[in-house]
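Visitor: Next come the chains, spelled out residue by residue.
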Amino acid sequence: MDPSWLPFLLATAWLVPLFSFVFILFVGKHLGPHGKNAGLVATSAIVFSGVCSFTALFAVWLPNHPVHDASHHGGDHHEAAHEDEGHAALAVPMKLVAAEGEHAESGHSADGHSAEAHHGEHANNGPEGYKAYTADWYELGVFGSLKLSISYYIDALTVGMFCMVSLIASCVHFYAMGYMHDELHDFTDPEVTLSNGENLKRPGRYYRFFQYLSLFCFSMFGIVIAGNIAMVFVFWELVGICSYFLIGFYIERKSASTAANKAFIVNRVGDFGMLIGLMALWSSLGTFAFGDMTGPDGETEKGMFSLLRTEENDYHLQPTEGMLLEGGRFGESATSESAAEGGETEESPNKAGWWLLLVAGVGIFCGCVGKSAQFPLHVWLPDAMEGPTPVSALVHSATMVAAGVYLVGRFFPVLSPEALLVVAYIGCITLFVAATIAITATDIKRVLAYSTVSQLGYMMLALGLGGWVAGMFHLITHAFFKSLLFMCSGSVIHGVHTNDMTEMGGLRKKMPITAYTMLIGCLAIIGAGIPIIGPGFSGYYSKDAIIEQAFSFGSANPTHWILQWAPVAGAFITAFYMFRLWFMTFAGEPRNKHRYDHAHESPRVMTAPLILLSVFAIGVGWSLPGTDLSVVNLLEQARPVGTQATTSGEILTALTVPDEHISHQPEFKIPAGWAAFLTASAGVLLATLIYLVQFGPRPAELKKAFQPIHGFLTNKWWFDELYDWIFVKPTKVISGCISWFDRGVIDFIIHSLAAISKGVSQVFAVLLDNKIVNGFVDTFAKGTWDTGVWLKRLQTGSLRQYVMFIAVGTILLFVAISFVQNI
Amino acid sequence: MNPMFANLLTEPVGVSHYVVVGAFMFTCGVLCMATKRNALGILMGIELVLNGANMNFIAFGSRYLRNDANSLGLDGQLISLFVIVLAAAEAAVALAIVLNFYNNTDSVDVDRADQLQG
Chain A
1 MDPSWLPFLL ATAWLVPLFS FVFILFVGKH LGPHGKNAGL VATSAIVFSG VCSFTALFAV
61 WLPNHPVHDA SHHGGDHHEA AHEDEGHAAL AVPMKLVAAE GEHAESGHSA DGHSAEAHHG
121 EHANNGPEGY KAYTADWYEL GVFGSLKLSI SYYIDALTVG MFCMVSLIAS CVHFYAMGYM
181 HDELHDFTDP EVTLSNGENL KRPGRYYRFF QYLSLFCFSM FGIVIAGNIA MVFVFWELVG
241 ICSYFLIGFY IERKSASTAA NKAFIVNRVG DFGMLIGLMA LWSSLGTFAF GDMTGPDGET
301 EKGMFSLLRT EENDYHLQPT EGMLLEGGRF GESATSESAA EGGETEESPN KAGWWLLLVA
361 GVGIFCGCVG KSAQFPLHVW LPDAMEGPTP VSALVHSATM VAAGVYLVGR FFPVLSPEAL
421 LVVAYIGCIT LFVAATIAIT ATDIKRVLAY STVSQLGYMM LALGLGGWVA GMFHLITHAF
481 FKSLLFMCSG SVIHGVHTND MTEMGGLRKK MPITAYTMLI GCLAIIGAGI PIIGPGFSGY
541 YSKDAIIEQA FSFGSANPTH WILQWAPVAG AFITAFYMFR LWFMTFAGEP RNKHRYDHAH
601 ESPRVMTAPL ILLSVFAIGV GWSLPGTDLS VVNLLEQARP VGTQATTSGE ILTALTVPDE
661 HISHQPEFKI PAGWAAFLTA SAGVLLATLI YLVQFGPRPA ELKKAFQPIH GFLTNKWWFD
721 ELYDWIFVKP TKVISGCISW FDRGVIDFII HSLAAISKGV SQVFAVLLDN KIVNGFVDTF
781 AKGTWDTGVW LKRLQTGSLR QYVMFIAVGT ILLFVAISFV QNI
Chain B
1 MNPMFANLLT EPVGVSHYVV VGAFMFTCGV LCMATKRNAL GILMGIELVL NGANMNFIAF
61 GSRYLRNDAN SLGLDGQLIS LFVIVLAAAE AAVALAIVLN FYNNTDSVDV DRADQLQG
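Protein sequence lines correspond, in order, to chains A and B.
If you read the first sequence in this note's numbering, its first letter stands for residue 1, the second for the next number, and so on.
If you read the second sequence in this note's numbering, its first letter stands for residue 1, the second for the next number, and so on.
With the rest of the complex left out, here is chain A (with noise of 0.2 Å):
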């Protein structure tokens, strides 16, 4: 199909969804016995949108831009160029964002930017290759130069991303479909006892999950689709929402409740910085919008993405004149001191540009941050493990919290390689501290948050130190499975009615399908597979690709050595706690007799997903045989123009990011390898010898003889309480003075302004009121009753007297009229 089919099926597979959100709404309740047909809705509007991605991907993404082996780049290039060009006619009102290929050869031009010094032999820096779709569906506004509008970006990433998510969230939503069939009926909530110390008891929210998770899909394929940051935005915060929503569902009990507002605060942290980038890229750009595009009037309105890498200066990142101007005016003094001497007059507001590019980038990370769960915000991940476990798996797991790293990838071509820094270390810190806390957990779902939250540090690690593809690939492999992971440990807590190992333990023979699509979800997320040649599981091609990067950076930049080395350590760790799950939960002998005896097999609409998530757990790393087609070389077309160079930074100079094509060649890739497998076997070969062949020391005595470095990880790092002592505290105090401020001196003045007033009011009443208005008023009163009084002494009531006042009356009238006549 032609390309211009993209949109459209991409906008249905986006809007389903909603349709979906506000069927259920407003009709929900009547859909069946307690809203039991709600889910059927939800579920075929998921699975439609995952027909429709689908079709994008299959039917018109990859006719179009057959995908090729990204190990050998060639003159096939200019053949699929120059077949696009084609279809690029056809699709008038859209914009490729690649310029035809024209300008692969175009060379280096010789004016030596320092950046372009360290342009790599291997990098085919220019745009040939990389296709994207952009343009308007709708303008909100205009207000000044800042446009508002509905858009769309559509490129290899895109479509992907939509795949992904459609397939997730439907298995996720025939699981749900099981999982949650306690809410078809009255519901007595285990965990909310009421002061008369019953239990609650409440009706049945089947429907209502339903709804939210229609409204989550809307909005994460909002975020996936979205053509601007602005856009990007609103549907961040609405995953947001959505999120917040769904760890608060059993809103009933207050862990939940509070965990579901930790998570809304927290992200408002990362907001903010994500706001404050957003500002320094507006002000200084001018545009929101990632791509060019093409108004109705042909004229071209260039993006972000072009007017920090112009063609001009063969895609490298450089910034544009109008940061040069705001960077110029907070660097003023030094300018104009430079400008005395001379000569320098150009660096000086240059760097200031760089500064500016820095802080537009690390704001805009700060917002994947918290939506990340990265270190300094990544507590609330572990406490929204509160929701339900199916919003575990597609919320907190595959999905909404892979947007932040999903963002950062959109944005690697407007972030330096300063930022970049920021983001490796960042990533760095995560995964190293989340993976240590994971070790001593034994709540069964906490322990797969804290993974989660470890495995998006190697994410960010990788993005950061360049590996965009390793990023985005580990992004895609983890989602799948790191949601088949939750859902069978969900699967685990229905059969057994808890979220506490240590009560659990062989439930290998009770819940078969259960245990063996875990150990399999379990051996992806270690990178299991034959060293250096494969086959392995998916998270083996994804996690050597990081680990590879990692020894490409650390081999270019020896200073940053612990980058090299942290997600080596990482692998480890990830081996250990992992098996120690699976070891704990479904080998050995049962711990807890009673609950070993209840232990049943999920139904099967629980257990099908679970099987079609770990045939792709195991195979979304491989290439479909005989083909080129794979995830990996499907994200390569994506790459963002310029960023395979190797570039170095302009304020750190001595910082290199290297081109990730120097990865795979076999001086990484062959020790990476070996890395990666052996300290992934050392971690499994750990847990088998201490959780299930008991040899050595046991787990008792081993917590016994580490307690203070156990009980710094059972409390995560005392990272609560640090919060607690260093935010809410102060905040708590300073509110407490306020409050005391408003009572004691606002309140005071006000109520003396009221007593003042209503004293003068008082000194008003009694003279002006009752003195003067009064009296006039009684005053005439008085006169007029005198009057009346004095007047009635006239009205006798004697006929014969009325007579003769009237005969008198009379005669006096004709006397007086009489004189007057006469005068």
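Misleading hints may appear alongside valid ones.
Interface residues of chain A toward chain B, partial, derived using beta-carbon atoms under 7 Å [what the hints assert, rightly or not]: (1) M804; (2) A807; (3) V808.
Far from chain B, some chain A residues (derived; all Cβ distances over 12 Å) [unchecked claim]: (4) V47; (5) H181; (6) G286; (7) D297; (8) Q801.
Derived by calculation from the structure, the hints in this document are not laboratory data.
The beta-carbon is built from N, C-alpha and C at its ideal position, and this holds for glycine as well.
For this one, chain A is given, so just place chain B on it according to the hints.
Guide: For chain B alone, coordinates are given in the frame of chain A:
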């Protein structure tokens, strides 16, 4: 004797004589109303007053007395008839009031009807 009255006595009968008779009747009526305590007497006084007024109408309206050959001289008489009808109606209402008054007080003494005093 006062020349005015002397003239009246010597002149042929004209408007002045009628007017004097009317004034006399009017005065008698007013005096009757002012002095009688009997409600029926007062009604009689009213009749006298009205008829005194009628006398004037007839005198001033008369064709002969006005010496106006062009008029029929019926206007005064018509108004008098009108007044007589009104007086009859008024007498009917007044007698009804008096009867009610008598029912309530067993008397027709108007001095006892002072309930409307201020």
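Visitor: If a hint holds in the structure, say so; if it does not, say that too.
Guide: Hint check results:
Restraint check, A:M804 versus chain B: the minimum CB separation of about 5 Å is within 7 Å; hint holds. Because the closest C-beta pair between A:A807 and chain B is about 5 Å apart, less than 7 Å, the hint holds. The interface hint given for A:V808 is broken, as the beta carbon of that residue sits about 9 Å from the closest beta carbon of chain B, more than 7 Å. With a least beta-carbon separation of about 98 Å from chain B, A:V47 lies farther than 12 Å from that chain, consistent with its non-interface assignment.
With a least CB separation of 93 Å from chain B, A:H181 remains clear of the 12 Å interface cut-off, as annotated. At the 12 Å boundary, the C-beta of A:G286 stays outside the reach of chain B, the nearest C-beta of that chain being 93 Å off. No Cβ of chain B comes within 12 Å of the Cβ of A:D297; the nearest lies about 95 Å off, and the non-interface call holds. With 12 Å as the threshold on Cβ separation, the claim that A:Q801 sits away from chain B is violated: the shortest Cβ distance comes to roughly 8 Å.
Checked against the numbered hints above, the structure violates hints 3 and 8; every other hint is satisfied.
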